[in-house]
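Undergrad: Following the numbering used here, the numbering of the sequence shown begins with 10 at its first residue and continues without gaps.
Just so you know, the hints here were simulated from the structure itself, not pulled from any lab data.
Fair warning: this is a prediction, and the values are worked out from it, not measured in the lab.
Watch out, some of these pointers could steer you wrong.
Stated by the list, open to error - Result set (DMTMM-like, lysine to aspartate or glutamate): computed pairs, CA atoms no more than 20 Å apart in a straight line:
no. : residue 1 : residue 2
1   : Lys441    : Glu496
2   : Lys386    : Glu407
3   : Lys394    : Glu442
4   : Lys217    : Glu172
5   : Lys423    : Glu205
6   : Lys337    : Asp361
7   : Lys140    : Asp156
8   : Lys181    : Glu198
9   : Lys312    : Asp299
10  : Lys440    : Glu473
11  : Lys169    : Asp144
12  : Lys311    : Glu267
13  : Lys285    : Glu338
14  : Lys311    : Glu271
15  : Lys312    : Asp361
16  : Lys352    : Asp319
17  : Lys278    : Asp319
18  : Lys67     : Asp47
19  : Lys337    : Glu283
20  : Lys217    : Glu267
21  : Lys93     : Asp69
22  : Lys311    : Asp357
23  : Lys408    : Glu338
24  : Lys176    : Glu138
25  : Lys141    : Glu118
26  : Lys232    : Glu205
27  : Lys346    : Asp361
28  : Lys176    : Glu203
29  : Lys469    : Asp435
30  : Lys181    : Glu138
31  : Lys278    : Glu267
32  : Lys141    : Asp153
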Amino acid sequence: MRRLVEILLIVILLLVLINVGRFKFGVWLYNKGCQYYDNAKYEEAIIHFKRSLKIHPKADFICYSLANTYLEKRMEEEAIKEFKETLRLNPSYLGAYQRLKHIYCSRQEYESCLNLLNQAQKILPNNFEIKKLIDEVLLEYAADYLDKAIDLFLVGNKSKAYELLNKALGIKPDFTFVRYTLAYLYFTEYNYPEAEVELNRVIQIDSKFWSAYKLLGDIYFRKGLYQEAIDKYRLAISLNHNDAILCNDLGLALVQLELYDEAIVYLEKALKLEPKNLNIRYNLASTYRDKGRFDEAISEYKKIIDCQQDYPNIHNDLGDIYQNLGRKEEAFREYSKEIEYCKAKLSDKVEDVIILNNLAYALCGIGEYTRAKDTVKRAITLKPKYRQAYLTLAKICEKQGKADGAIIALNKAKQLSTQTHFIDRDIARLKKELLSDHTFFTDTIIYLKNGRKIQGRLKKEDEEKITLEVKLGNVIGSLTFLRDTIEQIIRSDQVQ
């Protein structure tokens with residue numbers, strides 16, 4: 010009996026020793042696999058991890074290591090299987106969630122990833138890392154739609170771009186870059202109300218998103234609300250004071266209100282930030298000109314010409330300055346250069362209204378008024394709402410001594426302008442000249458129902474009545490007519 014007990018003890022001891030040895034052997038296999046992994050010998054690592062798992066099939070860390078090795082070998086399906094096995098063994102294994110998130114997002118399988126992480130959140134409801142992973146996936150998911158939307162927008166498929174941007178917002182409503190991009194698309198299509206809504210939402214989410222203030226400023230600038238634009242540009246600059254384009258745009262808005270000194274400060278800063286930007290240099294030069302700082306304007310214009318001789322309209326600008334300074338030969342030379350460059354460009358772009366307008370202005374500068382008028386009328390035919398062409402036409406008419414024609418052209422330009430004070434000044438000046446010449450320009454004829462015909466200058470009108478300035482002898486006065494007494498109104502809207 011005693012002998013039997015001893016034999017049993019020996020057998021038990023041997024079994025214990027075998028199990029201990031087997032356990033140690035499994036650990037040894039795992040450690041060896043780790044060494045192979047560290048040395049990038051992934052095939053050997055996989056063999057050792059698999060052998061270790063046969064000894065320790067419930068060891069989550071061995072499954073995790075095997076999955077990572079598959080990942081290094083770009084065997085994603087095998088890696089996913091082992092990461093999921095890791096989580097089956099240990100649902101709290103954060104590393105496995107992180108790795109699976111990386112794989113799914115790289116494959117753009119965002120829904121699968123979110124399903125996995127939402128299950129994890131049920132298991133670990135208060136785990137910060139899981140919540141963080143979900144936020145990262147939502148961000149990448151929305152960003153993927155954003156990237157695709159931008160690509161579609163660039164190739165002209167705007168409707169699909171809008172669709173994807175709205176999908177992105179459905180995934181992550183507080184994604185400021187998506188809302189900003191959506192606002193920018195609205196901006197490009199002149200849908201300012203929708204753009205403003207999205208930009209204000211961006212600012213509510215992130216009050217320091219300076220680009221949103223900048224784009225709001227651009228919207229107000231386009232709408233002719235220059236003070237509002239200035240206010241938004243200032244807010245943007247308070248958040249990003251080293252952006253050259255932002256400083257430039259603020260300078261241009263200030264120019265619209267004729268705040269030249271302050272505009273020059275920002276334009277000079279913009280040029281300092283981007284000294285090779287010819288457009289900024291041109292804006293600064295033109296502001297120097299408008300302020301009457303002609304020497305500085307000439308200097309900046311010449312620097313532009315050194316870089317690009319055919320920079321649009323620059324020789325006209327120099328011609329105007331030289332003409333104002335009484336340097337007629339230099340003015341003639343600059344206008345002639347503009348004509349030369351415009352003709353060269355028109356050989357490739359025969360219907361470019363901007364070049365046609367610049368050419369007409371230069372022809373006017375050298376006194377070829379008939380050719381100038383024909384050229385600018387060609388531009389107007391191509392683009393009837395091109396404001397600058399009417400301003401050029403007004404200049405041509407004035408040079409020809411046709412103040413009445415100049416006034417008609419200026420009134421048309423005024424209808425197409427957001428800022429009209431400088432046009433009003435020119436109209437007032439021309440009207441004064443007309444009166445001093447004992448002439449009276451009329452732009453409207455009214456035929457009354459009683460058979461009378463009244464010819465005068467339109468002063469004011471509304472839905473109920475119309476008021477004309479009329480001349481009786483040497484006296485100019487106003488007459489108001491109710492619309493129900495009027496048979497027909499004829500307006501002069503063409504310059505002869």
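Undergrad: None of the hints should be skipped; say for each whether it holds.
TA: We went through each hint and held it up to the structure:
no. : hint            : in the structure
1   : Lys441 x Glu496 : violated (31 Å)
2   : Lys386 x Glu407 : holds (16 Å)
3   : Lys394 x Glu442 : violated (28 Å)
4   : Lys217 x Glu172 : violated (27 Å)
5   : Lys423 x Glu205 : violated (27 Å)
6   : Lys337 x Asp361 : violated (29 Å)
7   : Lys140 x Asp156 : violated (24 Å)
8   : Lys181 x Glu198 : violated (25 Å)
9   : Lys312 x Asp299 : holds (18 Å)
10  : Lys440 x Glu473 : violated (27 Å)
11  : Lys169 x Asp144 : violated (25 Å)
12  : Lys311 x Glu267 : violated (24 Å)
13  : Lys285 x Glu338 : violated (31 Å)
14  : Lys311 x Glu271 : violated (23 Å)
15  : Lys312 x Asp361 : violated (26 Å)
16  : Lys352 x Asp319 : holds (11 Å)
17  : Lys278 x Asp319 : violated (25 Å)
18  : Lys67 x Asp47   : violated (23 Å)
19  : Lys337 x Glu283 : violated (34 Å)
20  : Lys217 x Glu267 : violated (30 Å)
21  : Lys93 x Asp69   : holds (10 Å)
22  : Lys311 x Asp357 : violated (26 Å)
23  : Lys408 x Glu338 : holds (18 Å)
24  : Lys176 x Glu138 : violated (26 Å)
25  : Lys141 x Glu118 : holds (18 Å)
26  : Lys232 x Glu205 : holds (12 Å)
27  : Lys346 x Asp361 : holds (18 Å)
28  : Lys176 x Glu203 : holds (17 Å)
29  : Lys469 x Asp435 : holds (19 Å)
30  : Lys181 x Glu138 : holds (19 Å)
31  : Lys278 x Glu267 : holds (18 Å)
32  : Lys141 x Asp153 : holds (18 Å)
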